[in-house]
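Engineer: Generate the whole structure from the sequences, applying the supplied hints.
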Amino acid sequence: MPTAPALISVEHINLKHQNQYTLEKVSFELKQGDFITLIGPNGAGKSSLIKILLGLIKADSGSIWRANNLRIGYTPQHFSPNPFIPISVFDFLNLNQKVGVHFLEQTSALTGIEGLLNAQLKNLSGGELQRVLLTRALLHRPNVLILDEPAQNLDVNGQMQLYQLIQYIHKQQNCAVLMVSHDLHRVMRESTKVLCLYHHICCMGKPESILKDAQFNDLFAAQMDDLMATYKHHHNHYHKN
Amino acid sequence: MEDFIFRAVLASVGISIIAGSLGCFVIWKRMSYFSESISHSALLGVALGIVSGLGIHFGLILVGVVFSVLIVVLQQQKFLSNDAILGIFSHIALSLGIVVLAIIGGVNRDYFSLLFGDILSITNYDIVWVYSMLIIIATLLLFFWQRLLLLALDEELAKAEGLKHIFYPLLFMFMIAFAVSVSVQIVGVLLITSLLIIPPAIAKAFARTPTQMVFQSIFAALLAVIVGLSSSVLYDLATGPAIVITLGILFVFSQFFNFNLKHH
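Protein sequence lines correspond, in order, to chains E and W. Letter 184 of the first sequence, counting from 1, is numbered 184 in the working numbering, and no numbers are missing. Letter 117 of the second sequence, counting from 1, is numbered 117 in the working numbering, and no numbers are missing.
Hints may contain errors.
Stated by the list, open to error - To give a feel for the contact side, a few chain E residues facing chain W, derived at Cβ under 7 Å:
hint: 1; residue: Tyr74
hint: 2; residue: Phe79
hint: 3; residue: Asn82
hint: 4; residue: Ile85
hint: 5; residue: Ile87
What the hints assert, rightly or not - Covered stretches of chain W (chain E as the covering partner; in silico rule of three or more C-beta atoms under 8 Å from a C-beta of chain E):
hint: 6; segment: 137-149
hint: 7; segment: 196-210
Simulated from the structure, these hints should not be mistaken for laboratory data. Glycine residues also receive a C-beta, built at the ideal position from the N, C-alpha and C atoms.
Structural biologist: Below you can see the structure in the form of structure tokens.
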């Protein structure tokens, strides 16, 4: 079986902050068709790694290679649009990029925000905002989607719907995905590969093999108990109790 | 119409358009304290302009630009919070300006008109300056509108989409320095910031799009400046305060409208 072409590959990335390694010897490859979930405790260097991939900060050493045809769609971890600017969702999606109206409508229908186009950006809920951001990312016609904790601040139902949407886009648009997530439950089900980061890469592999990894279990001991408890009878709707 | 009033009106119209449009960004980017610092440095600009013989406009722009660069560079270092840096600059600039003005024999120098504006002082040369700055600022705003708006909306997203260059914060601060340099004579050092922030604050009650907000803000600035100027001439009031009080009244009314809009 021929291997899929790589889109981004990083090798031996080091990043130091005040004499401590934020990232140490990080190497991995994102290939076409991949759905990589990046997990790790807070402060593990996940966002720094993403910023390096995006070219927002430079690594102290190591190399990064990007495919010539690479088009990244990115949604940042924190997006709180300036509440003092009166701007509609439609205008925001068109801001600083040339988008055909037809393509914009098509993409909005895909992400389910076609009813929000005339709403003011500042009035949206967290879940709506994530969909709008995702739409903006998709308008770049990306072949890689980099999503930094897209489901934070959403309730369980909202998370479920957003993950399903991302999964759908991944398959339908043949778009590689690199997603930062804390949600182990979801990670185990959807990813083709899990990358567990704690300054260095603790382990990397298919979800099933990660579960058996000793380092992974050390890092996520508490959450794993929780995961195991819910894993056998997961819900697709939210119970108050 | 008296010549000096005609010149004052002409200058005011130009300044209203500058302040009304640029002011929206000052509000959006929460930079009223920055414009305050730059306007406080204006006194030093006037002093240096007189000392060097280059004239106050060159002095104002030079000092404004130097201060902008220093502030941006210091903010990048992150060794002090932004508001502390601005506070330090603001008051050092004001004090330096007063001291230098005193040293160069400002005995006959009228501080009051520098601090609060004086329409009698507007010359034809000043009007050329106002409209040159208007053309420069309007061109820059039109050309960079989309990028500046995205940066104001969410800096992190804008940077991730490629707008990470230090050019953009500098551009914005230079424009404020330009605006300040031509507004000093009409509204005075102490009140320039209000001409920048009150008109967009009024417009925000009505606007549904960023472009609407800019035009409504320009309209509010024009209205206040014309009313303020007239009452300044009629009742012999200082121009700056007359304009700012008019803006204040408009602001209070706009908030009633805002309140109505939200509760019906």
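Engineer: Under 7 Å is the threshold here; is the Cβ of Tyr74/E close enough to any Cβ of chain W for the hint to stand?
Structural biologist: 5 Å, holds
Engineer: Under the criterion of a CB-CB separation shorter than 7 Å, is Asn82/E in contact with chain W as hinted?
Structural biologist: 5 Å, holds
Engineer: Taking a Cβ-Cβ distance under 8 Å as contact, does the segment 196-210 of chain W have three or more residues in contact with chain E?
Structural biologist: Check passed, 5 qualifying residues.
Engineer: With 7 Å as the cut and Cβ atoms as the points, is Ile87/E at the interface with chain W?
Structural biologist: 6 Å, holds
Engineer: Three residues or more, CB to CB closer than 8 Å: is that satisfied between the segment 137-149 of chain W and chain E?
Structural biologist: Coverage by chain E holds for the segment 137-149 of chain W (3 residues, Cβ < 8 Å).
Engineer: Holds or violated: Ile85/E as interface residue toward chain W, Cβ cutoff 7 Å?
Structural biologist: Result: holds, 5 Å to nearest chain W Cβ.
Engineer: Minimum Cβ distance from Phe79/E to chain W below 7 Å?
Structural biologist: Since chain W brings a Cβ to about 6 Å from Phe79/E, closer than 7 Å, the hint holds.
Of the numbered hints given earlier, the model fails none.
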